[in-house]
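J.: Here is how the chains run, residue by residue.
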Amino acid sequence: MHGVRPSGVMTKDPEHSRIERILAGEQHLYADMVDKYKSYAYTIAQKILQNRPEAEEASQDAFIKAYHHLKGFNFQSKFSTWLYRIVFNTAISYKRKNRQQFQSIENTVIEYQGEAEGMLEKNDKKRFLHLALAKLNDADRAALTLFYLDEFSLEEIAEITGMQANTAKVRIHRARQRLADELKNILNQEALTL
Amino acid sequence: MKKVSQSIDDTLLDYLDGNLNAADKSKVEQSLRNNKDWQNRLEELRMVSIVMNETKLSQPSKNFTQLVMGKLDQYPAQHHFPIWKGIFLLMVILLAVGIATVLVSSGAFDNTTTSIDLNQVYLSKKFINEPLPAFHFSGKLIVNIIIILNLGLAWILLDRTILKPFFQRRMQGQH
Chain A
1 MHGVRPSGVM
11 TKDPEHSRIE
21 RILAGEQHLY
31 ADMVDKYKSY
41 AYTIAQKILQ
51 NRPEAEEASQ
61 DAFIKAYHHL
71 KGFNFQSKFS
81 TWLYRIVFNT
91 AISYKRKNRQ
101 QFQSIENTVI
111 EYQGEAEGML
121 EKNDKKRFLH
131 LALAKLNDAD
141 RAALTLFYLD
151 EFSLEEIAEI
161 TGMQANTAKV
171 RIHRARQRLA
181 DELKNILNQE
191 ALTL
Chain B
195 MKKVSQSIDD
205 TLLDYLDGNL
215 NAADKSKVEQ
225 SLRNNKDWQN
235 RLEELRMVSI
245 VMNETKLSQP
255 SKNFTQLVMG
265 KLDQYPAQHH
275 FPIWKGIFLL
285 MVILLAVGIA
295 TVLVSSGAFD
305 NTTTSIDLNQ
315 VYLSKKFINE
325 PLPAFHFSGK
335 LIVNIIIILN
345 LGLAWILLDR
355 TILKPFFQRR
365 MQGQH
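One line per chain: the protein sequences are A and B, in this order.
For the first sequence, the numbering used here begins at 1 and goes up steadily by one.
For the second sequence, the numbering used here begins at 195 and goes up steadily by one.
Worth flagging that the hints you see were computed from the coordinates, not collected in a lab.
Do not take every clue at face value.
Said to hold, decoys possible - One side only, chain A facing chain B, incomplete, derived with CB under 7 Å:
| # | residue |
| --- | --- |
| 1 | Asp35 |
| 2 | Tyr37 |
| 3 | Lys38 |
| 4 | Gln46 |
| 5 | Asn51 |
| 6 | Pro53 |
| 7 | Lys135 |
| 8 | Arg178 |
To be verified - The calculated lysine-lysine pairs, modelled on DSS-like cross-linking and capped at a C-alpha distance of 25 Å, are:
| # | chain 1 | residue 1 | chain 2 | residue 2 |
| --- | --- | --- | --- | --- |
| 9 | A | Lys126 | B | Lys334 |
| 10 | B | Lys250 | A | Lys126 |
| 11 | A | Lys65 | A | Lys97 |
| 12 | A | Lys36 | A | Lys65 |
| 13 | A | Lys97 | A | Lys78 |
| 14 | B | Lys197 | A | Lys184 |
| 15 | B | Lys197 | B | Lys250 |
| 16 | A | Lys169 | B | Lys250 |
| 17 | B | Lys358 | A | Lys95 |
| 18 | B | Lys230 | B | Lys265 |
| 19 | A | Lys78 | A | Lys65 |
| 20 | B | Lys250 | A | Lys71 |
| 21 | B | Lys358 | A | Lys97 |
| 22 | B | Lys358 | B | Lys279 |
| 23 | A | Lys184 | A | Lys169 |
| 24 | B | Lys265 | A | Lys95 |
| 25 | A | Lys78 | B | Lys250 |
| 26 | A | Lys184 | A | Lys135 |
Note that the structure is a prediction, hence the values are computed from the model and not measured.
Glycine included, C-beta positions come from ideal geometry on N, C-alpha and C.
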């Protein structure tokens with residue numbers, strides 16, 4: 001169920017003491033944090049960039065930025081939300097930089113098809129989803145992914161993507177509706193080609 | 195199949211997410227029993243949830259952590275141009291623009307002219323026999339152009355050295 005998960009009363013994030021130790025000079029502890037958050041960070045970057053090498057670079061860059069701005073982290077919020085916001089912003093700026101080397105939706109699809117060659121039948125659902133998601137804008141795609149990962153409250157999704165909570169809810173609704181329409185169109189087209 | 199309205203879509207999504215109270219849920223179920231369009235749309239929206247729920251976390255490369263840790267100390271030192279320096283430079287430019295504007299409006303450049311006579315250029319005589327025109331510029335026009343360029347420079351300076359760092363710091367402060 002994807003209800004609005006309450007963000008809850010802010011309790012002390014267990015990461016806070018680790019951050020304090022990192023700030024005190026125990027740099028090696030940051031490796032544990034990278035290990036813990038890398039999958040989500042990479043997934044967010046990948047949903048925005050839709051390109052694995054770029055997502056890898058952007059998420060690494062975000063971790064490095066986060067480390068160097070750790071002093072600026074305000075201990076009132078969750079470290080993960082703060083980190084994913086940096087990942088989101090880094091991926092968005094990578095996307096903007098790469099707009100100069102224009103990559104059309106069609107090219108993205110071709111890249112994906114090449115990657116999944118020989119597994120298309122098994123991955124039809126995944127392929128249709130990929131095609132439909134490619135039609136959404138970056139922020140909506142990232143927000144939708146975070147929503148379905150079932151790990152974040154709407155307030156957290158809003159904070160990561162830099163929206164108001166109400167706006168986030170409306171945008172996720174619209175994105176789901178758009179995705180439903182796109183999936184329907186894709187399936188109709190597929191049916192016509194059979 | 196008729197496309198259902200936006201509000202019905204929202205209701206169906208809330209129904210799928212389990213966000214409706216018992217009374218609203220019962221109304222939706224009643225409508226679903228009586229309306230084929232609602233049923234079809236619910237199935238379309240449910241399909242989104244089914245395929246999206248299969249979305250798993252993507253995994254980065256195996257040496258991701260080592261790569262990050264290896265690059266931590268290579269992070270380029272940020273060139274922090276202090277805001278006070280930006281404000282100082284901006285004030286100097288605005289002062290220069292102000293002085294130039296006062297001088298222009300008091301007529302200090304009204305009688306100043308300069309000209310470029312192409313006939314005086316040695317190469318032109320060598321290759322071109324026809325007389326060439328001479329260009330006259332008024333000092334007032336040149337100073338006005340310099341004032342406009344300085345205003346452009348002041349605007350860029352304001353953006354790069356004051357506004358941008360200010361908003362970046364404010365964003366970091368919010369985290």
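J.: Evaluate each hint against the coordinates.
T.: Now for the hints, and whether the structure bears them out:
1. Asp35: holds (5 Å)
2. Tyr37: This interface hint is violated because 10 Å lies over the 7 Å limit.
3. Lys38: Holds, because the Cβ-Cβ distance from Lys38 of chain A to chain B comes to roughly 5 Å (cut-off 7 Å).
4. Gln46: holds (5 Å)
5. Asn51: violated (12 Å)
6. Pro53: Check failed: Cβ of Pro53 of chain A comes no nearer than 9 Å to chain B, outside 7 Å.
7. Lys135: At 13 Å from the nearest chain B Cβ, Lys135 of chain A fails the 7 Å test, so the hint is violated.
8. Arg178: Hint on Arg178 of chain A: violated, closest Cβ of chain B at ~9 Å, above 7 Å.
9. A:Lys126 - B:Lys334: Since the Cα atoms of Lys126 of chain A and Lys334 of chain B sit roughly 68 Å apart, the hinted pair is violated (cutoff 25 Å).
10. B:Lys250 - A:Lys126: Between Lys250 of chain B and Lys126 of chain A the Cα gap is close to 11 Å, so the pair holds against 25 Å.
11. A:Lys65 - A:Lys97: holds (17 Å)
12. A:Lys36 - A:Lys65: Judged against 25 Å, a Cα distance of about 17 Å means the pair holds.
13. A:Lys97 - A:Lys78: Cα-Cα ~29 Å, so violated.
14. B:Lys197 - A:Lys184: Distance of about 12 Å is within 25 Å: holds.
15. B:Lys197 - B:Lys250: Violated, because 31 Å separates the two Cα atoms, which is more than 25 Å.
16. A:Lys169 - B:Lys250: Holds. Lys169 of chain A to Lys250 of chain B sits at ~22 Å (cutoff 25 Å).
17. B:Lys358 - A:Lys95: This hinted pair holds, its Cα atoms lying about 20 Å apart.
18. B:Lys230 - B:Lys265: violated (58 Å)
19. A:Lys78 - A:Lys65: holds (17 Å)
20. B:Lys250 - A:Lys71: Roughly 32 Å separates the two Cα atoms, so the pair is violated.
21. B:Lys358 - A:Lys97: holds (18 Å)
22. B:Lys358 - B:Lys279: holds (14 Å)
23. A:Lys184 - A:Lys169: It holds: about 23 Å lies between the C-alpha atoms, which stays within 25 Å.
24. B:Lys265 - A:Lys95: Since the Cα atoms of Lys265 of chain B and Lys95 of chain A sit roughly 22 Å apart, the hinted pair holds (cutoff 25 Å).
25. A:Lys78 - B:Lys250: Holds - the C-alpha atoms of Lys250 of chain B and Lys78 of chain A are around 23 Å apart, at most 25 Å.
26. A:Lys184 - A:Lys135: holds (13 Å)
The structure does not agree with the numbered hints 2, 5, 6, 7, 8, 9, 13, 15, 18, 20 stated previously, though it agrees with the rest.
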